[in-house]
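Chains as they are written, first to last, in full-length UniProt numbering: chain A, 1 to 191; chain B, 1 to 191.
In case anyone wonders, no lab produced these hints; they're calculated from the structure.
Heads up, a few of these hints could be off.
Facing chain A, according to a computed beta carbon distance under 7 Å, are these residues of chain B, among others [claimed, not checked]:
(1) Ala96
(2) Asn100
(3) Gly112
(4) Leu123
(5) Val147
All C-beta atoms, glycine included, are put in the ideal place defined by N, C-alpha and C.
There are 2 protein chains.
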Amino acid sequence: MPGPQRDAERTQRRILEAAARAIATKGVGVSLDAIARSAGVSKGGLMHHFPSRDELLTALMGDLLAQFDEAVTAALDPADDAPGRLTRAYVRAVFADLENGERAREQITVMGMIGSDPGVTALVRDDDARWHQRILADGLDPLRAEVITKAADGATGSLLWSRQDPRELDALRDTLLALTRDPGALVEPAR
Amino acid sequence: MPGPQRDAERTQRRILEAAARAIATKGVGVSLDAIARSAGVSKGGLMHHFPSRDELLTALMGDLLAQFDEAVTAALDPADDAPGRLTRAYVRAVFADLENGERAREQITVMGMIGSDPGVTALVRDDDARWHQRILADGLDPLRAEVITKAADGATGSLLWSRQDPRELDALRDTLLALTRDPGALVEPAR
Chain A
1 MPGPQRDAER TQRRILEAAA RAIATKGVGV SLDAIARSAG VSKGGLMHHF PSRDELLTAL
61 MGDLLAQFDE AVTAALDPAD DAPGRLTRAY VRAVFADLEN GERAREQITV MGMIGSDPGV
121 TALVRDDDAR WHQRILADGL DPLRAEVITK AADGATGSLL WSRQDPRELD ALRDTLLALT
181 RDPGALVEPA R
Chain B
1 MPGPQRDAER TQRRILEAAA RAIATKGVGV SLDAIARSAG VSKGGLMHHF PSRDELLTAL
61 MGDLLAQFDE AVTAALDPAD DAPGRLTRAY VRAVFADLEN GERAREQITV MGMIGSDPGV
121 TALVRDDDAR WHQRILADGL DPLRAEVITK AADGATGSLL WSRQDPRELD ALRDTLLALT
181 RDPGALVEPA R
């Protein structure tokens, strides 16, 4: 990659990280000026990379969602080719985040804060639909997969409210992983 | 209740509802002036009831948490005295919220937005710990109860991103309710 393009990417990354930090500490209404200052660029420099507030927030959400994707990919076990492989990686990635402390807390806070921004909602909805399809294709009964992934999602609340005992989180993670080992229905179909 | 006290409670309720609406639409940084205006009171009138921004946000979170408590109580089945009774009411209350559309979406958005406010976090953490204890006392295996309630919590994300097919939400709710009917371990203990 040529030097100028690499420089541009570095600047964009610095702006996105400054934006996440600023939003997490000062709220979603933080000014672009404050974000630019904290990234060490001029406001004009920020607007060169992200021409509007909406584009900055959308790029930030895209970046956070991409980081989660990468974390799931990294958590895939190459030796595991049984049904539920992706669901296991999803659970591992969420709980690894939960153990990551401040950085993950900042990411989840920011996703919650900007996720209801109209420009960002469509992006999140598409990402959610894409994950839903990926998990459905993972070879588990759909409702089993849904319970497991939703329980992992719900556990992220613990990170924000920081009540949960780490041993309890480990036990929950291990239970969810064990639940992925049986591909069948989690409960008998209703009569 | 004497008239003046009832009037004060009405005014407080109007302010809290205006605050929720303003925060959901304009962000957590919305001014107290704007909230007062939208509640039809002067800023002095707002400050008489809620002397600081922190006190207003804490009262708002307390009100939202109390509304959830009331929803769970209302969802208790008087004829049900089997283990898991409270967990079933919790699941029913969360999914009733999910079907409630705009109002529930506003409440969940606001809880997410103000939950990381330092003054509010302690309140949420205490409420979370209290729910944890109540669910643990509900007669189900603790990890079973944890998976069920966390999956219900995780499903609230669907409301915000609004992807989920209502029939899929019904199926998830029914699966979680069915899971409360067996008090034992959800998975075999690890060897």
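For each hint, the structure was consulted:
Among the interface hints, the one on Ala96 (chain B) is violated; its C-beta lies about 17 Å from the nearest C-beta in chain A, farther than the 7 Å criterion. Hint on Asn100 (chain B) is violated. Least Cβ distance to chain A is approximately 17 Å, over the 7 Å limit. For Gly112 (chain B), the shortest C-beta to C-beta distance to chain A is roughly 4 Å, which falls under 7 Å, so the interface hint holds. At its closest, the beta carbon of Leu123 (chain B) sits 10 Å from a beta carbon of chain A; the interface hint therefore is violated under the 7 Å criterion.
The beta carbon of Val147 (chain B) is positioned within 7 Å of a beta carbon in chain A (closest approach about 5 Å), and the interface hint is therefore held.
In this structure, the earlier hints numbered 1, 2 and 4 are contradicted, and the remaining ones agree with it.
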